[in-house]
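Residues in the sequence shown are numbered consecutively from -14, following this note's numbering.
No lab work stands behind these hints, which were simulated from the structure alone. Any given hint could turn out to be false.
Claimed, not checked - FRET-style restraints, in silico, Cβ to Cβ:
{"#": "1", "residue 1": "9", "residue 2": "107", "range": "23 to 31 Å"}
{"#": "2", "residue 1": "12", "residue 2": "69", "range": "29 to 37 Å"}
{"#": "3", "residue 1": "74", "residue 2": "12", "range": "19 to 27 Å"}
{"#": "4", "residue 1": "36", "residue 2": "15", "range": "33 to 41 Å"}
{"#": "5", "residue 1": "30", "residue 2": "-13", "range": "19 to 27 Å"}
Unchecked claim - Below, a list of computed lysine-lysine pairs in the DSSO-like style, where the Cα atoms sit at most 27 Å apart:
{"#": "6", "residue 1": "100", "residue 2": "110"}
{"#": "7", "residue 1": "110", "residue 2": "73"}
{"#": "8", "residue 1": "27", "residue 2": "37"}
{"#": "9", "residue 1": "100", "residue 2": "37"}
{"#": "10", "residue 1": "27", "residue 2": "100"}
{"#": "11", "residue 1": "100", "residue 2": "73"}
Ideal Cβ placement from N, Cα and C applies to all residues, glycine included.
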Amino acid sequence: MLYAGYDYGGLTAAVAGWGQLSEFSSTSLSLRHATLPVWTEKECAAVPEIEKTGYTPNMMCAGLLEGGVDSCQGDSGGPLMLYDNNEKLTVAGIVSWGIGCGAPNLPGVYTKVDKYLGWIMRNTKDSCHCTN
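From just these sequences and the hints, can you work out the full model?
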C-alpha cells in the first residue's frame, strides 16, 4: 500500500524493463529485473548532480552506492515496485531519469506514484479496480 508523503528510504525495491543493459549497449531482448535500495529523500536531494537538475518531492531515488545495477535508457515508464507486508508488489515509482546507468553514487530517479494517486483515481474511476 502506498502512503502519501511517506519516505520509502531504506526499503528494497524491484525495477523491471527492456532497456539497455549498460549506458552504451543495445536494449535487452528479454524482460530484466533488478533489486535496488531506495534512498531517503534527504540522501537523494544531497547528490549535487541530481539536485541541480531540479529534484522535487515528487521524485525518489534508488540504486546501489557502488553502482553497477540500475535502470537505464529504454526502461523509462516502467515500474519501481515495493513489497508490502503480504509479499505483494506495489508500484511505488515510475522509471524517470538518471545520470548515466549504474554509476557509483548516482542513483536512478523515479516519479513517486503516491503523489499522483488522486489524479489516478479520478481518471480511472469508471474502471474496474482490484481489491486484493
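How the hints compare with the structure:
no.	hint	in the structure
1	9 x 107: 23 to 31 Å	violated, 41 Å
2	12 x 69: 29 to 37 Å	holds, 30 Å
3	74 x 12: 19 to 27 Å	holds, 23 Å
4	36 x 15: 33 to 41 Å	holds, 35 Å
5	30 x -13: 19 to 27 Å	holds, 20 Å
6	100 x 110	holds, 17 Å
7	110 x 73	holds, 23 Å
8	27 x 37	holds, 14 Å
9	100 x 37	holds, 21 Å
10	27 x 100	holds, 17 Å
11	100 x 73	holds, 21 Å
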